[in-house]
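Asks: Dock chain B with the ligand against chain A, hints included.
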Amino acid sequence: MQVKPVVNYKSPKYPDKEETLKNPGILLTLPERWRSNAYAAVAFSSLLLLTLTACSRKDSTGENEQFTGQVAPVFIHGDGRGSFGCESVAPPAFLSEEEAFSVIKEEAQRQGIVFTRNAPSLQGVAIPETDIYVLGEEANMGRQKGDLALDGYDAEKQVAFEFVSRDDINAWARENTEWLSVESYHFLEAAKVLAEGLEGRTKGINLAVFYDPNYNYYSPEIQEIIENSAGDFQLMEEKIKERVKADLQEQVRDFLNWLKGQNII
Amino acid sequence: MHFTLHLTNNCNMACAYCYVDRSNIQTMTAVIARRAVDLAAGMTPGGDSAGIVFFGGEPLLYKELICETIDYANWKEKQAGCYFHYKVTTNGLLLDKDFLEYSRKNNLFIALSHDGVQAAHDRHRRDTEGRGTYETLARKAQMLLAARPYAPVLMTVNPDTARYYAESVEYLYNLGFRYLICSLNYAAAWQEDDLAMLAGEYGKLAEFYYRLTLAEEKFYLSPFEVKISSHINRRTYCHKRCELGLKQISVAPDGRLYPCVQFVGDDSYVLGDVYAGVNEKRRQHIYLQNEREKESCRDCAVRKRCNHYCGCLNKQATGSIDLVSPVLCAHERLLLPIADKLAERLFKKRNAMFIQKHYNEYYPIVSLVEDMKKPLL
Ligand code: SF4
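Protein sequence lines correspond, in order, to chains A and B.
Counting along the first sequence from 1, when you hit position 1 you're at 1 in the numbering used here, and nothing is skipped either side.
Counting along the second sequence from 1, when you hit position 336 you're at 336 in the numbering used here, and nothing is skipped either side.
With the rest of the complex left out, here is chain B:
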């Protein structure tokens, strides 16, 4: 179970595609954050670890609140015998040595939003004065990776940056990121030409992936990993997808609870608040509403491998969890065959890295042992 604490809707950047409503700046109080931790402890089955995710706006505007909340959660662990793990998603501008050291000591996982090469990044990711943040971020990213080498990077692709997709992924990889999570801004006005461009970029990325895998490099490139997994783990894959409101809850700055990040502020999706807890009936209702097969996809041959189930993506793109975005559909249709062809090539070669990464459930453990222990001489 994850609790995403929307610490604030305030931000030190003004990205063109940001969906956060900043007309009325709100910030979470320490009391609400603590109640959210209590709720997370109570709702997570014994023995499991609850995730506390700090989100915004820009959560690092309130570093103290993050530290206080983690202190409280650490205390709670001892009191209530529960477990927590922590993550923050940041634009990176406020990362500094002290905070990185703190994150290392407290096992706070840091995910950085970064859109890749300068032409792509600076097009949308600008500060409040309208200046691109690429230059500043290059230094911050290096600092982050030196302290936290497993930090994931979150890249958003827009129609006007699609042409830099492959170049941007390579750039981020060369910076040192090994967990590359790439998503499309589905709410943007994508045209057929942009999608054709995207297909070309995925072709290049598939080559990149192929080369790295043959060279036995370890990395995670989300578009391909997810689609390949949708076939390899097909029996479990459909059950692990978006389970709206069941596995994650978003806590708004005012303490109200929502099923996911895109719903924060939408009254029709309130699940309760940190004081009264979750209205289970409401949660079940929303979950079941999202579980119903979408009318538009009922006869699709790839529906079991498709992302159209994600209520959050649908909400972002169409305003409704039941309406699938045509852009999402087009993206799935173009990505799936490229990902399958890539996997077929690697499997045909019986590539050991590919086989271990995708078929061996202990791959992450062996990989970690390898990273921790230098080769014996």
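Same shape as in the complex, but just chain A:
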């Protein structure tokens, strides 16, 4: 037996504490056993108040206190990984900006949010600095200052979104002297870095950062699709697209629930 480093490990699909603190509404879910014990319920609500106050105090220490808009946590549905090049035997099924826009628009409309492409830009914010020629699972992601043109906006409700697409990752890529035949995309990681960088800088807009939910070629999700497609590349591509669109819908649904939890809609 030998020590064997893990090469790839999927980011788990449950949030870390920081993500939860940005959306403390989730902490309101009360076990039945506490509901039926008045002492526990009282202790719970008083202590929760402390947590919520601590969160909002943290928020209000940002540089731009006058702006009340919030950045939602990144809702994780889909690995947010993908590659393009000789390694990828399955057809690339990245979501284009247009495809993502129509999925997000349709889902949001169900809750009365009408996104248009006429969205504002956020100037001088921290955006990810990506590296698409990176081997292994580490994203090698940094931060850089730049402008961000948002992808969708409902002016009336002051709600907007940014969708992290393959085009974005390429646009944010650092100057690279090395070149590999495989391009590697870390959408989820980039979305997290972006969401963090936009914190307190949304000019009063409540903002979601969605990401391309795609999967690595070796992921069980893609392997299952390959197995069930009998070598038909077109079918594979359709199935992968279907899968990632469903994941993106889930991201949007979580965002809408979050907006409700925050009393924004």
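Be a bit skeptical, because a hint or two may be false.
Below, computed lysine to any residue pairings styled on SDA-like, alpha-carbon distance capped at 20 angstroms [said to hold, decoys possible]:
no., chain 1, residue 1, chain 2, residue 2
1, A, LYS13, A, LYS245
2, B, LYS218, A, TYR39
3, B, LYS294, A, GLN2
4, B, LYS218, B, ARG234
5, B, LYS349, A, ALA246
Think of the hints as simulated: they come from the structure by calculation, not from any bench.
Replies: Coordinates of chain B with the ligand only, in the frame set by chain A:
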């Protein structure tokens, strides 16, 4: 800061996997125990509480020494304005009503070593005559839980008992234990087949955990809690892991100080003694040596969530704090995805118990209030 007082290397049992060297029986004197308490008081920042842990061999062979030491520490609290809390780890054979009553009054936390169902427990945990201790312990465990319902149980899994892992955890849970700390004996000769068996057992345990959480039961099952926490608290998790020699010091029966329990008796890890105190340079050196990323794990995608940093485990398994045990590695690789899948299922259900337990930092307080106060009618 914890001070683990190795009261003795003597024991009334002869467990097959015990690592304590009993070739030369030594017992701590009351004077050394008191000096250790002084040192703990001096090294713990004001306002914090220092932990005094009684360890062995079997510490209950010297109950009087435990009581004397606690008396002295209580006195010291008043004199020096410091605070202590106490814990003893025992094989349980010498637990009796009087000692349990004493532990309750003095807030001495008792952790019981127990390997689960009879087939697992009696395989290794035998008395000095070679007889299994399961039967005796069943009564003692009930007595312990009646007096101290929060007592944790420490279970060790060996290759030849891996197949009883899930059954043993359920057995201990049904006995009434709610804090189940399970560890592998990494020093044993694990084979691929044993690890495959272990993976199957973790699968069963994950179901068990899932069921209990859906039923809103309160419990702590260490393998899953630790791995789930390594993701949920990922920003703080790596800083809270083994900080060799910084958060805990082991005091040998002769008064010499070591960074952790596995090092006691190894001259190359002596940090000082209860009279001269800790050699800070030495302590820093050992701490930093352990903090360096292990060569074998540098490129691992899960290294931030892995136990390979634990110098004590490495020392136990490979004899060196820098060498990671392949068994530990294999165990981490098999446990992590099972724990994540379990957490994903519970989170997806937005299970209230799971969310409170893992995300609400006030969970232990609310839980305690609930236990102390019966529902209002
Ligand atoms: S012990 Fe194994 S799983 Fe853990 S960090 Fe090292 S290589 Fe990775």
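Asks: If a hint holds in the structure, say so; if it doesn't, say that too.
Replies: Hint-by-hint comparison with the structure:
1. A:LYS13 to A:LYS245: 17 angstroms, holds
2. B:LYS218 to A:TYR39: 17 angstroms, holds
3. B:LYS294 to A:GLN2: 14 angstroms, holds
4. B:LYS218 to B:ARG234: 23 angstroms, violated
5. B:LYS349 to A:ALA246: Roughly 18 angstroms separates the two Cα atoms, so the pair holds.
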